[in-house]
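S.K.: Top line first, the protein sequences correspond to chains A and B.
If you're matching positions, the first sequence starts at 1 in the working numbering and goes up one per residue.
If you're matching positions, the second sequence starts at 1001 in the working numbering and goes up one per residue.
No wet-lab data here; the hints were simulated from the structure.
Model, not experiment: these values are computed from the prediction.
Where a beta carbon is used, it is the ideal one built from N, C-alpha and C, also for glycine.
Please note that the accuracy of each hint is not assured.
What the hints assert, rightly or not - DEER-style ranges, computed between Cβ atoms: (1) T1173(B) x A29(A): 36 to 42 Å; (2) A1257(B) x A359(A): 40 to 46 Å; (3) Y1013(B) x R215(A): 24 to 30 Å.
Unchecked claim - Straight-line distance between alpha carbons at most 27 Å, and here's what the computed DSS-like set of lysine-lysine pairs gives: (4) K1002(B) x K275(A); (5) K1047(B) x K1002(B); (6) K1134(B) x K1066(B); (7) K1047(B) x K1066(B); (8) K275(A) x K1047(B); (9) K1047(B) x K1072(B); (10) K1072(B) x K275(A); (11) K1134(B) x K1047(B).
Listed below are the residues making up each chain.
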Amino acid sequence: MPVSTEKPGLKLGKRSRESSDSDWGRDAAMRFRFGIFLLVGLLLLVMVLAAAVGTVEVSPRTILSLLLNRTGLTDFPQTWPLSDETIILHLRLPRVVGAALVGAALSVAGILFQGLLRNPMADPYVIGTSGGAALGASVGVVLSNHFSILGFGTVPTLAFLGATGTMILVYRLSRVGGRTPVVTLLLVGFSVSVILGYTMSFLLIVNDRLQVNVRIIYTWLLGGVTLSRWPQVGIIALIVIVGSVLAFAFARTLNALSLGEEHAAHLGIPVERHKTALIAIGSLLTAAAVTAAGLIGFVGLIVPHFLRLLFGPNHTRLLPLGALGGAAFLVTADLLARIAMPPTELPVGILTAFVGGPAFLFLLRRTKREYRF
Amino acid sequence: MKTIQLHELCFQYNHRPVLERISLEITAGERVALLGPNGAGKTTLLKLISGALVPAQGTVRVNGHKPSGVSKRELARTIAVVPQDFGVPFAFTAREIVELGRTPYLRLLRGVGTGDRLAVERAMELTDTSPLAKRIFNELSGGERQRVMIALALAQEPDILLLDEPTQQLDITRQAEILDLVVDLNRSRGLTVLSAIHDLNLAAVYFHRLIVLHDGSVLADGPPAEVLRPELLEIAYGGPVEVVSIENRSAPVVLPASRTRDGSSKGGNPER
């Protein structure tokens, strides 16, 4: 951090626009723009890389050429086998884009919950929201297996209800006198997650005995990107984009909430209404991420934390950075999960837990001083 | 002009009455201290005026309107509240904290304009917090944080400033610094100031009107010399106090009536 060189002194008048814009303000804005630029570049890079690597290697150049040809703007001569095109367009890209969407959703949901609960530990996985969504989705799968009348929307709808219900429950239970101390939040989140997790196991056992195919629930428990078809990706994309845009609309509310709910009200924020909206948006994003990839922990914790260290906690900047950073992070993690132990494909949840778990503990240890146990 | 009017105001927490039939008026530009022992209802009264609480009975009027009758944004442009010392969960800089004061002026899709930046800078000038702009708010000292919070309140460009124990947990010189600032703002910008304050002596020096709350009602209301009388304070605080006047000082000094003092402890201090 550069040392403060800001000079006091009020400059008024027309020419002061530049000078009244302190170095500091310009600094942060510049860094933000640079950060967005960097993260977009990084995201595109890892996406192309993730599409290129696999049992069949496809050169990044081929990927770019065939994608550009698809847009109809270019017409590179086709020097690659047709099978490559199929692998990229129908196998790898849906998954890569899916991973990016899941990462963005988890990261933005994490930022929303952290701002709402005024607590940097609030990750959708840690506080049980993901667990609620997973249980809801599992119930949805089981139900649609038993009653074929239920349509495609059952799973995501129940995932959303599960996430919202859990969020409201955890929020209510962990509040102590208008605050959400880290101890109660973690204890409540932990207990609720355990209950939800074992309920899922129970569902599995019951359904195994009924010989119903619920393999997807296993995948959800372990956490892995399951998206493989473009229509699914499209639906998730729609939810994640709408959710993120809505989240951005509440950036100033989140900033004001840092001062506490009462003070936020004194700044003209309709606190109760906005809190409800924040819970709904966070649950929606979590539900989308969980239906697409199951339980993936700590993304919503480490990505926002890291970005806050680099760019500060201002939510108008943190939210867009968080979406991009989360996307790049999960695409990378998913790539590593695929290539770490060939031919076995690791569930990406294991990978994020190996990276995120220690980071979480470190964070807890560091902030210990600020909370009285 | 009456800027704050309370009429027969009552409030209770869980059926326990906290305020009973409070009626008072505060004129624009006044500097009023709210005194009384813990639990007398000082903070509750401030919250009723700021709109954080809704009265059970009676009315609050701010500039002629009930707080519940105007939009929250509008109210936030009229009244600014400086809370007791506290921290924020993330590493916001002091300037970012002050910028939050512009929240009631910002529109959803429009950025922070030049007017907002000027208001923030002016607020930081007035509170002498410009040198702290880039520092992390949570890492500032108690007095610095308090000044930043006042700057935040000023960035709201309010008519009324409500303070809740602005000097608590501050060193004696910092206490004077904060209250000097408040007096300054009252004089130079015509801000109406209402502050809950614990310290009777600070109240006597820095405010020209003192209101003593006792058991949920107004026990006394007037200038320091009139309010700071031993018999009155003994009722308010439930114990003996001593009021001493000092030469060349307009405000009297209130001391707790100690049983061990120079005259009465003839046996001397055994620890010496």
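S.K.: I'd like to know which numbered hints this structure contradicts. Please list them from smallest to largest.
M.R.: 2, 3, 4, 6 and 11
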